[in-house]
Amino acid sequence: MIALEKRPTPSRFWTGITPFLAVLATMIAGGIMFAILGKDPFAAIRTIFWDPVFGEFAFYYRSQLLVKAGPLILIAIGLSLGFRAGVWNIGAEGQYIIGAICGAAVGLAFYPTESFLIFPAMVIAGGLGGFLWAMIPGILKVKFQTNEILVSLLLVYVAEAILASMALGALKNPDGAGFPGSRNFRSYPSAYNEDLIANTGMHWGVVFAFIAVIFAYILLSRHMLGFQIKLAGQAPRAARFGGVNPDRLILFCLGVSGMLAGLAGLFEVSGPAGQVSIDFNVGYGFTAIIVAFLGRLHPIGILLAGLLMALTYIGGELAQSNLGLPAAAIQAFQGMLLFFLLAVDVLTNYRLRFGNREVA
Amino acid sequence: MKRRTILAGAVAALALTGTAFADGHAKTKVGFVYVGPVGDGGWTYEHDQGRLAVEAEFGDKVETVYQENVPEGADAERVITQMALQGADIIFTTSFGYMDPTNAVAAKFPDVKFEHATGYKRETPNVSTYSARFYEGRAVQGHIAGKMTKTNKIGYIASFPIPEVIRGINSAYIHAKRVNPDVEFNIVWAYTWFDPAKEADAATALIEQGADVILQHTDSTAPLAAAEKAGNVIGFGQASDMAEYKPSPRVSSIIDNWAPYYIARVKAVMDGTWESVDTWDGIAPGMVEIGEITDAVPADIKAEALAMEAAMAAGEYNPFTGPLNKQDGSVWLAEGETADDGTLAGMSFFVEGLTGDIPN
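Keeping their order, the protein sequence lines are chains W and G. Under the numbering used here, the first residue of the first sequence is numbered 1, with each subsequent residue one higher. Under the numbering used here, the first residue of the second sequence is numbered 1001, with each subsequent residue one higher.
Since no wrong hints were added, every one of them can be taken at face value.
Simulated crosslink set (DSSO-like; lysine-lysine; CA at most 27 Å straight-line):
(1) W/K39 x G/K1027
(2) G/K1198 x G/K1246
(3) W/K172 x G/K1198
(4) G/K1061 x G/K1027
(5) G/K1121 x G/K1267
(6) G/K1177 x G/K1147
(7) W/K39 x G/K1061
(8) G/K1326 x W/K172
(9) G/K1246 x G/K1302
(10) G/K1229 x G/K1302
(11) G/K1326 x G/K1147
(12) G/K1121 x W/K172
Simulated restraints on C-beta separations:
(13) W/A332 x G/W1280: 36 to 44 Å
(14) G/A1026 x W/F13: 52 to 60 Å
(15) W/F20 x G/D1341: 54 to 62 Å
(16) W/Y157 x G/G1322: 36 to 44 Å
(17) G/E1057 x W/L352: 53 to 61 Å
(18) W/S221 x G/Q1086: 43 to 51 Å
No lab work stands behind these hints: they were computed from the structure. All C-beta atoms, glycine included, are put in the ideal place defined by N, C-alpha and C.
Please model the complete structure; the sequences and the hints are all you need to start from.
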């Protein structure tokens, strides 16, 4: 018999090692799946995990890893603060969209003026847009005790409708022959979020993601507010007695996560995506929830988890076009990663005991 | 200015690598980027049939690669770049939203040929655009729909309010109205090209409002399934024959036949005769086909529909022939006048009689 026994305290050793175990288990299970599909499992795993970083065209994919990981990390850092405090912002996708629209609108309003002030103004508008969008569930929760999970999630669909309306109406490219989509920021240097060093993928969004990691780390380990966030999540009653103002904490967590999501949207729309289009959002706001948990809500963990997630996306695309693997197989592979991560999580809180306990 | 120079340098660097791989292999490598899954049974399915036709035509002389489910935007740019890096000689990008990414990548790989479906931007000499005059097929559909409806209500599942879709609605309406002055069009904007659940919802809603004919500009078979479930409702295959719903609810279909174009363009690359062109073919050259009209349609209506198809194939009939007014009552085309391609390409207005506004 194998029995699970709860550990008195979560194991530090297992907390550190389980993500690696999960990746290993995914490689094995995924390899079996690829073999069943008639593909060489070793080639597939190498294509997904090795080629983007060390393969023939790694010079290009490494930069794309940053482009893909940047928004994930930036959003996930914001979400992790709330998740630690028990504030569940599920609507980062909506805040991402609104941030992009607000920032892009500011940039497009100045077209074709060239000034070094335009991009910073867009950044402020993007952050503010995301912040305000997140304040809707925040204020509703504080004032009327509504559920922030539902409100923030449903506001994603509102944001998507606004995005479609903007791409087809107010922000539509006047020179676009009636087709939807805004002007492309690529052809507007003052507003374009270009690679800071050419071909590295290191645009302002990635820089902000790194800064966010550092700030979150300091906040959580050195700052009173960080302590309050952790306390509110683990022992809400104790936090209240300890002088934590729960309303302020809710607004802070939603505000910061909304602002960071809005910034991520602005950097994406003005850089890699290039324009406001109907299908601008591709799910970064939702994937970031996974990244936050994959990274154990820890800033450094989120940094690594964001990069890993980006790797499976880019490696997965490579496997599709090079090995002819279907897109669904890649999604199943990513699903396995999350499944195993949650599964091995058990080992952090429980220990395995082999053999029967003494019969009473 | 400085940012521009950096960009230029980056382009040159990438261009060099591009050249090195463009001519280093014997087989002609052909890439396809798909917006949906190859099994969608509609739009992407037909493009993939074109890819298979290229393989069948040239056998060992070509190698084809494809990637499905590619989001429109930053991800598309990476996928296209990846194909170019891996040595593709010609890349077909098969959705409108790939327009800016295709042109951006094309600027970096001057020796690779790019073919973008349904767009209008050809910013460098290595980009071509191609599309089909689907509205010719819509005319036949409109005729059958107008004759077949008993409730005089026709439901139309539109995807996005872009010229291509608006042309289809106008063409279908003009021809339905001509044979049935009492006909009404009820249009639902789905804001998606492929989303079976959303399409089914739209179809069901239209049927509940009394429509007994459903026309669709979305790619899945879900509306036909909804029509089948409702009974006494007919529909048409979209982009692909959707023959599994024969003889009813699917009474006919518009089939996009990309194979001849793809074969011709790949051949041009092989022969070194490829040039940037803007192709817009209809029924006459065989890019648009009318799928079998089933026995659910009375013989006389079928004969009229076939006669209209034959007239368009012979170049004797243009679906947009005056007298036609715009929705606001102003004159668009005088008696006997036909629409010019420029107006059609950017069509952003409904014709007289259609109710509702084009959303923006």
